[in-house]
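Novice: Sequences are here, hints too, so could you generate the full structure?
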Amino acid sequence: MLKLIHIENIKTFYKWRTGIGFLAIGVLLPLMMIGMKLDMRHGPPAVAERTVRSLRENFFVIGSIFNGFSAAYFVMHSLWVHIPFLIALVAGDQIAGESAAGTFRISLIRPVSRTQVMTAKFITTLIYTTLLILFLGLLSIGLGILFFGRGDFLVPRPRAVLVLTEGQTWLRFGLAYILAIWAMWTIASLAFFLSTLAENSLGPVIGTMAIVIACLIISRTPLQLFKKIKPFLFTTYVDGWLKAFQEPIPWNEISSSVLYLGMYIFGFFALSLIVFNRKDILS
Amino acid sequence: MVLGTQSLSKRFGKNWVVKDLNLKVYKGDVFGFLGPNAAGKSTTIRMLLGLVRPTLGKIEIFGYPLSKSPKKALSRVGGIVERPDFYLYLSAKKNLEILGTLSGGIRKERIDEVLELVGLYEWANDKVKTFSHGMKQRLGIAQALLSNPELIILDEPTSGLDPQGMKEVRELIVRLSRERGITIFLSSHLLYEIEQVANRMAIINKGNLMVQGNVKSLLRDIKEIVVILKATPLKIAFDLLRKQDWVSSIVINKDSLEVKLPYNLISKMNAFLVESHIEVSAIMPKRTLEDYFLSITGNA
Amino acid sequence: MKLLFYILVFSVFANPGFAEDLIPSPQEILDRVEASFEKIDDYVVILEEAIRMEGVKVPKTKAILYYKKPNKIHIESKGIMFIPKQGMVINPSYYLKRYFMPLNTEEEIVKGTKFYKLILIPKEEGLSKKITLWVESKYWSIKKIKITGFGGGSVLVHIEYTMVKGKYWLPKSTLVELDIPAKTPRPEIFDYFGELDARKEKKPSKPKKGIVSILFKNYKVNTGLPDKIFKKR
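Chains as they are written, first to last, in the working numbering: chain A, 1 to 283; chain B, 1 to 300; chain C, 1 to 233.
Treat the hints as calculated values from the structure; they're not laboratory data. Built from N, CA and C at the ideal position, the CB exists for glycine as well. Do not rely on the hints blindly, as some may be mistaken.
Stated by the list, open to error - Selected chain B positions facing chain A (Cβ under 10 angstroms, derived; list incomplete):
1. Q6
2. T43
3. F86
Stated by the list, open to error - Facing chain B, from chain A, some residues (calculated, C-beta under 10 angstroms):
4. K3
5. L4
6. I10
7. F74
8. A101
9. I106
10. S107
11. S113
12. R114
13. R150
14. E199
15. N200
16. L202
17. G203
18. R278
Stated by the list, open to error - Between beta-carbon pairs, the in silico distance windows are:
19. E247(A) / K85(C): 47 to 57 angstroms
20. I127(A) / T55(B): 36 to 46 angstroms
21. T55(B) / A210(A): 31 to 41 angstroms
22. I75(C) / D39(A): 22 to 32 angstroms
23. R83(B) / Y14(A): 16 to 26 angstroms
24. K129(B) / L28(A): 26 to 36 angstroms
25. I75(C) / I127(A): 14 to 24 angstroms
26. D179(C) / F135(A): 46 to 56 angstroms
27. V47(A) / E106(C): 21 to 31 angstroms
28. E38(C) / L171(A): 43 to 53 angstroms
29. Y26(B) / L282(A): 24 to 34 angstroms
30. D126(B) / E247(A): 37 to 47 angstroms
31. G149(A) / E160(C): 30 to 40 angstroms
32. P70(C) / I145(A): 37 to 47 angstroms
Specialist: Printed below as a string of structure tokens:
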């Protein structure tokens with residue numbers, strides 16, 4: 001299996017489209033940091049000010065309420081809708097791409113089970129997703145510290161003030177990114193499943209984004225019917241990474257989110273196996 | 001028996017594209033699988049290689065049922081299905097490394113050997129997207145030979161090649177069979193191609209098996225045959241032959257004649273022309289599948 | 001008889017407690033508090049703060065406080081620090097004399113220590129309505145402050161002192177008890193569907209009660225701090 005994963009990694013990471021996600025983040029993030037730096041000539045960003053506004057009546061606020069960690073938090077908050085597209089771009093290509101290219105006609109005639117091939121492809125998809133999110137995290141925190149320094153982190157919250165020490169902040173970001181990776185694995189699994197149904201990768205990419213956006217709309221629209229559906233949508237749990245910055249950390253809620261998303265990951269993968277094992281390679 | 005099918009059938013929707021196919025391929029055979037376009041050849045080959053699930057029936061390869069033991073069944077099989085498609089953004093060598101891993105692991109030396117065998121060693125590190133069609137076809141054969149298979153299944157291996165390329169592929173097939181004892185199952189829609197390389201054949205039409213057996217025996221049943229005759233002077237040969245009642249039909253082309261006559265009178269025609277002081281340079285049978293269909297089905 | 005009268009008067013005046021038995025005026029007390037700060041031109045001190053308050057979770061933080069007479073202050077912190085505006089007693093007399101008018105003085109004995117209790121009211125509108133000071137009579141330092149009236153809340157500050165280098169009586173710790181009233185909620189907001197938008201509904205904030213403790217450590221007094229320190233952001 002390790003060898004199969006290795007060759008799937010070669011097939012995936014040698015493709016130019018795999019680099020799109022990293023390139024997009026690599027270009028966008030510095031621009032965002034520069035933009036924030038320019039905005040801060042007039043004072044800390046509004047999001048940070050709002051958090052301490054209620055305290056300023058009775059307290060002097062000493063120290064920087066917006067630093068590299070704040071910038072990284074802001075980036076994470078802004079990009080989590082766009083990152084699924086970059087993930088679907090590769091995950092949706094895993095099966096459909098090979099169908100379109102016709103390469104299944106030389107790979108699947110080998111003495112290797114389709115289950116093994118699919119498992120290797122799925123793991124590669126998860127590896128790509130993990131690397132992309134880690135790249136986002138390291139770059140945003142790294143650039144953030146470079147542009148804005150480090151120190152205690154004032155968590156932007158509307159009704160409470162939470163300051164984390166630098167040591168605590170690193171741990172919280174670590175937890176947040178682990179949860180973000182888990183959430184994005186769900187998106188990747190959905191795109192992977194849709195890839196088994198299509199003969200070219202455009203369909204799974206569009207399909208994934210359509211489903212994500214539709215679910216988000218349902219989650220955010222305060223209709224009674226939608227409120228009943230909401231607990232069953234995976235998009236309800238994808239922003240669980242925010243809970244890493246609550247105090248105390250709501251471990252029960254996080255465990256529930258992780259469990260629900262895990263069910264979706266497993267479910268999408270199982271469906272992918274079923275579909276692909278029964279699929280006739282006719283291309 | 002190396003490869004056998006029992007009542008093999010495939011349905012897409014309501015359409016049965018392969019019906020009740022019973023094939024037997026023995027060790028050392030070069031087995032030709034013939035049929036016109038859309039006869040069910042490709043679907044059959046895809047089922048033999050595990051790309052398509054049969055609706056009914058069984059496939060056995062080296063004694064292992066394909067549905068239950070696909071790994072064991074395919075472990076000694078190599079194949080090409082239609083035009084071989086590779087990972088274009090990777091080199092030829094990298095493609096073969098990937099396919100070798102899928103085959104259970106191949107020595108690096110073996111990759112060099114097969115590239116050498118098909119004449120692509122010099123381009124081993126070039127990306128496949130730079131390859132011509134003929135080079136890709138040869139690379140396809142290389143990947144089929146990668147795991148030292150005992151059975152090779154080829155689907156229209158000369159498709160898209162120029163005459164020189166076709167000749168090379170046919171020679172390779174014959175060499176593999178004679179020198180290495182590899183059993184070969186190849187499909188084609190060209191009777192003369194199968195006739196040149198195969199010892200046994202089966203013909204499929206509209207999903208149904210028409211005939212199966214030894215090539216020579218099957219083709220001997222044809223009563224009449226069209227031959228391409230090259231002779232000098234051509235016009236005189238034409239005039240002489242068209243007066244003979246044992247010639248069914250004759251057509252004059254630019255540099256040859258197409259003569260239709262009973263199979264057993266070819267030597268008589270040769271002797272007749274020589275006696276008439278006509279210099280005969282070539283007599284080649286021109287057999288088409290359609291002609292064969294007509295002869296075995298008796299359709300005019 | 002006359003002699004007895006003069007002896008009685010003398011004994012009263014000769015009594016060392018006589019001057020002390022007389023309650024000084026609020027202005028005199030504030031002058032003595034200010035005098036106790038006269039010796040201090042500048043100091044640097046390390047602050048260590050801990051906050052226990054509802055809705056506020058802040059780790060223990062350190063900062064460096066620079067002070068230069070009469071009213072220059074600069075605080076540096078690697079972390080984020082929330083320093084209660086009413087709780088920092090840097091040079092209170094300067095602040096109090098300029099902004100608050102002393103009303104009256106009472107005497108209190110607490111655990112054997114005499115305190116002068118001053119009640120002050122602001123000279124200007126909009127400032128805290130009433131300040132009560134407890135000044136101890138030995139070093140003329142403010143030991144306790146109670147501020148009431150701002151938006152209905154109150155602040156209670158307890159200050160402990162220490163002798164630095166044998167001659168400077170400076171705060172060692174302060175304990176600030178805050179009682180901040182609840183804020184009035186904003187109007188409710190309805191969305192396009194006529195449904196109450198729960199995300200925008202503002203509930204009344206809870207009153208904030210909490211304690212802020214600040215330790216003052218490692219004083220460096222009268223080292224000649226340059227003005228440029230106080231120009232840093």
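Novice: Let's test the interface hint: is any C-beta of chain B closer than 10 angstroms to that of A101(A)?
Specialist: Result: holds, 6 angstroms to nearest chain B Cβ.
Novice: Between the beta carbons of G149(A) and E160(C), is the distance compatible with 30 to 40 angstroms?
Specialist: Taking Cβ atoms as reference, G149(A) and E160(C) lie about 35 angstroms apart, which means the hint holds.
Novice: Taking 26 to 36 angstroms as the stated bounds, is the beta-carbon spacing between K129(B) and L28(A) within them?
Specialist: At 30 angstroms between Cβs, range holds.
Novice: Starting from the hint 14 to 24 angstroms, judge whether the C-beta atoms of I75(C) and I127(A) obey it.
Specialist: violated (48 angstroms)
Novice: With 10 angstroms as the cut and Cβ atoms as the points, is I106(A) at the interface with chain B?
Specialist: This hint holds: I106(A) lies near chain B, its Cβ roughly 6 angstroms from the closest one there, short of 10 angstroms.
Novice: Answer holds if the nearest beta-carbon of chain B is closer than 10 angstroms to that of S113(A); otherwise answer violated.
Specialist: Given a least distance of 7 angstroms, the restraint on S113(A) holds.
Novice: Using the beta carbons of D126(B) and E247(A), state whether their distance is inside 37 to 47 angstroms or not.
Specialist: This hint is violated: roughly 59 angstroms between Cβ atoms.
Novice: May I ask you to test the interface hint for E199(A) with respect to chain B, counting a Cβ-Cβ separation under 10 angstroms as satisfied?
Specialist: With a minimum Cβ separation of about 13 angstroms from chain B (threshold 10 angstroms), the hint on E199(A) is violated.
Novice: At the C-beta level, are R83(B) and Y14(A) separated by a distance inside 16 to 26 angstroms?
Specialist: holds (22 angstroms)
Novice: Does G203(A) meet its interface restraint, that is, does its C-beta lie within less than 10 angstroms of any C-beta in chain B?
Specialist: violated (20 angstroms)
Novice: Quick one, is the N200(A) hint okay against chain B at 10 angstroms, beta carbons?
Specialist: Where the cut-off is 10 angstroms and the nearest Cβ of chain B is about 14 angstroms from N200(A), the hint is violated.
Novice: Was the hint right that Q6(B) lines chain A, CB cutoff 10 angstroms?
Specialist: Check failed: Cβ of Q6(B) comes no nearer than 20 angstroms to chain A, outside 10 angstroms.
In this structure, the earlier hints numbered 1, 7, 13, 14, 15, 16, 17, 19, 25, 27, 30 are contradicted, and the remaining ones agree with it.
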